[in-house]
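Asks: Chains W and C, in that order, give the protein sequences.
Under our numbering, the first sequence has 108 at position 108, and the numbering climbs by one with no breaks.
Under our numbering, the second sequence has 68 at position 68, and the numbering climbs by one with no breaks.
It should be emphasised that the hints constitute simulated quantities derived from the structure, not laboratory data.
Don't take every hint at face value.
[To be verified] Subject to a maximum C-alpha distance of 20 Å in a straight line, what follows is the list of computed PhoX-like cross-link-like pairs (lysine-lysine):
#1 W/Lys42 x W/Lys95
#2 C/Lys127 x W/Lys70
#3 C/Lys126 x W/Lys62
#4 C/Lys40 x W/Lys43
#5 C/Lys127 x W/Lys43
#6 W/Lys62 x C/Lys40
#7 W/Lys106 x C/Lys66
#8 C/Lys82 x W/Lys42
#9 W/Lys95 x W/Lys43
#10 W/Lys42 x C/Lys295
#11 W/Lys70 x C/Lys66
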Amino acid sequence: MFAYKVVMIGDFGVGKTSLVRRFVDNSFSEDYISSIGVSISKKLIQDPKGNSTMMLWDTEGKTEFNQIFKQYLIGAKGYIIVADLTRPQTLDSIKEHLKLCLSVVKDAPVCIALNKSDLQHQNSYLEEEIKALSPNIIAVYKTSAQSGDIVNEIFGQINSTIINKAN
Amino acid sequence: MYTTEVLPLLSKKSRILYILFTKEFIVVNFSKELTLLTDKNTELVAGIDIRDIFWEFLGFEENILKLQTQETGSFKIPMIFKNSIYYDIEIEAFETQTKDEIFIAYISKKSEFSSEYLKTIQEINKKTLILQIDEVQHKKEENYYDLINKQLLSFHVDNLGLITEANAVCCFFLGKEEEALIGQHFSNFFHTRESTLKNTTSKIFNATSQQGHDTIFHADILAVKDATDVYKNIIICQDVSHLKQITKELEYAAAHDSLTGLPNQSKILEKIDEAIVNTDTKNELFSLCYINISKLALVNGDYGYHAGDMLLKHVASILDNFVRENDTVSRISGDEFVILLTHGKDNHSLDSIIERINLLPMKNPLHYTEDDTIHYKFNLGICSYPQDVNDSKALIDLAQKAMKKERKKN
C-alpha cells in the first residue's frame with residue numbers, strides 16, 4: 001500500500017495536534033498541552049482509486065524562542081500549515097512556514113488550515129491573498145478541530161493531490 | 001559480524017537501543033528492548049520493512065542515500081514522542097567484512113531531566129498562549145472602551161459631593177437611571193482614597209460597572225460657576241484599567257528572560273546602577289563576571305534547539321544556585337550571562353569565586369539522556385567597580401571585552 005509522510009507545521013497553540021486527533025481518531029480535548037518534538041500518527045485512507053496510508057508528523061509549534069526543526073520536514077510528500085484565526089500573528093507566520101517547507105521539498109503541495117473557525121474571529125484575512133503566496137498552495141480552508149468542520153476535507157485534499165502526483 | 005552477541009552486550013551496557021537495517025530498510029538485527037517503542041499489535045522481527053513498525057523511517061529514503069554515498073556522516077531526528085517516551089534517532093552507515101552496506105539507527109531515550117524541562121516548556125507555552133489570547137481580547141475590550149471614551153463618562157456634583165447630573169455613559173456604566181443617581185454622594189459609586197474633591201483637579205477612581213467589572217478611571221475635575229453663581233464640579237472620567245494591567249505585565253516581561261526566568265539585560269543594568277550608588281555612598285564594592293557558554297551553537301546544531309535550551313536552563317540553574325543572596329545572575333543574550341558579585345567592604349574573595357565559577361561546567365555537565373552527557377565550558381570576563389570604569393554600560397562592555405579576549409585564548 002502506498003504510504004507517505006505529511007508534516008503539520010505552524011505556530012504553537014494553533015491546533016495542529018487537535019486537527020490530527022480529530023482526523024485520526026475523531027476526538028477533541030479543550031485542554032492545551034503544547035507538543036514537544038514530534039509525534040507521528042498513522043491513518044489509513046480508503047479511496048476508490050486505491051487505499052493509502054498517511055503518516056502524519058505533528059511537529060512542535062514555533063515559538064518566540066524555538067524555531068521549527070528543519071530535520072522534521074525532510075522526506076515529506078505534502079505539508080499542512082496551520083494558523084489560528086483568532087490570533088493574527090499566527091496568520092502572519094504562514095509566509096515564513098511556507099518558505100521553510102519549500103526550502104526542504106520545493107515541489108511539495110501545501111494546504112493551509114485556518115483553524116478555530118468555531119471561535120469569534122475577524123474575516124479580514126482573504127483566502128485568495130494567502131493562496132497567492134505560492135503556486136504550491138493547493139487549498140486554503142477554514143477548519144475547526146473542535147466541531148470537526150472541514151477537517152476531513154483538508155486531509156482528503158492533500159491525500160488526493162499526493163496520490164495523483166504519485167500516479 | 002554484526003549479528004554476534006557483542007552488539008547486544010554493548011547496547012545493554014551503554015543503554016542505547018539499536019536497529020540494523022539494509023538500504024532497502026529491511027531489519028537485520030535490533031535490541032530486544034525496542035518492543036517498548038512498538039505498538040501492541042505489531043511485532044518487530046528480522047526480515048520486515050522497518051518502516052512498517054517505526055513510521056518515522058518513512059521519508060528517510062533520500063537521507064539514507066546520502067549516508068550511503070557518504071555525502072553526510074550521520075543523520076539525526078531528535079525528540080520523537082511515542083508510547084509516552086521521548087527519544088532521539090541517529091543513523092549511520094557502515095560496511096561489514098563481507099562488504100555489505102548496513103545502516104545502524106541508535107535510539108536514545110530521554111532522561112528524567114528532560115521531562116522536567118518539557119514540563120517547563122509546556123508551562124511557558126501555555127502561559128504565552130493565554131497572554132496572546134488575552135492580548136486579542138484586550139484589543140476587543142480596548143475598542144469597546146475607546147467607543148465609550150469617545151463620549152466620556154461624566155457627572156456633576158455640588159459642593160457637598162452630591163451628584164446633580166449624570167450623562168448617558170455614566171448611567172450606562174453604572175446600570176442606573178439618572179434619577180437614581182441624583183442626590184447620591186459620588187463616593188457611593190466612584191471610590192477614591194479621600195471622598196472630597198476640594199483643592200484638586202484630577203483623581204483616580206475605582207468603580208464597578210453594571211456587568212461587575214472593576215474599572216479604574218482617571219478623572220479630570222473642573223470647578224465651574226453655574227447661572228446662579230453656585231460652584232459645582234464637573235467630573236470627566238477616562239477608563240485607564242487596560243493601561244494599568246498592560247503596564248504591569250509589560251514591566252515584568254521587559255525585565256526577565258522567559259526561558260530561564262533570570263533578570264535580563266535591562267534589569268541587570270538597573271541592578272548595577274543601584275550597586276554603583278551603594279559603592280559611592282556605603283563603600284560596598286562589586287564586580288561583574290561576564291560568562292559565555294563555549295559550545296551552545298554546536299549543541300543547537302548537533303542535538304537541536306531543545307538541547308540548546310536545556311543547556312541554557314541548566315547553566316542558569318547552576319549559576320543561580322551558586323551565587324550568594326546579594327548577587328544577581330542575569331541572561332543578557334543568547335549564550336551570555338552576567339553575574340553581579342557584591343563584595344562588601346573588600347573584594348579579596350573575588351579570585352576564589354571566579355575560580356569556582358570556572359569549575360562549575362566540569363562539576364555540572366548536562367546529562368542530556370541517560371547515556372549522553374553534554375560537556376561545555378565557560379569563557380569569563382571580569383571587571384570591578386570603581387577600579388575599571390564608572391558607569392553600568394561601560395562596565396558590561398568592559399567585562400564582555402575581557403570575556404572575548406579569554407575566548408580567543410581558549
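Asks: Work down the list of hints and note, for each, if the structure agrees.
Replies: Going through the hints against the structure:
no. : hint               : in the structure
1   : W/Lys42 x W/Lys95  : 28 Å, violated
2   : C/Lys127 x W/Lys70 : 26 Å, violated
3   : C/Lys126 x W/Lys62 : 13 Å, holds
4   : C/Lys40 x W/Lys43  : 17 Å, holds
5   : C/Lys127 x W/Lys43 : 32 Å, violated
6   : W/Lys62 x C/Lys40  : 32 Å, violated
7   : W/Lys106 x C/Lys66 : 18 Å, holds
8   : C/Lys82 x W/Lys42  : 12 Å, holds
9   : W/Lys95 x W/Lys43  : 28 Å, violated
10  : W/Lys42 x C/Lys295 : 37 Å, violated
11  : W/Lys70 x C/Lys66  : 17 Å, holds
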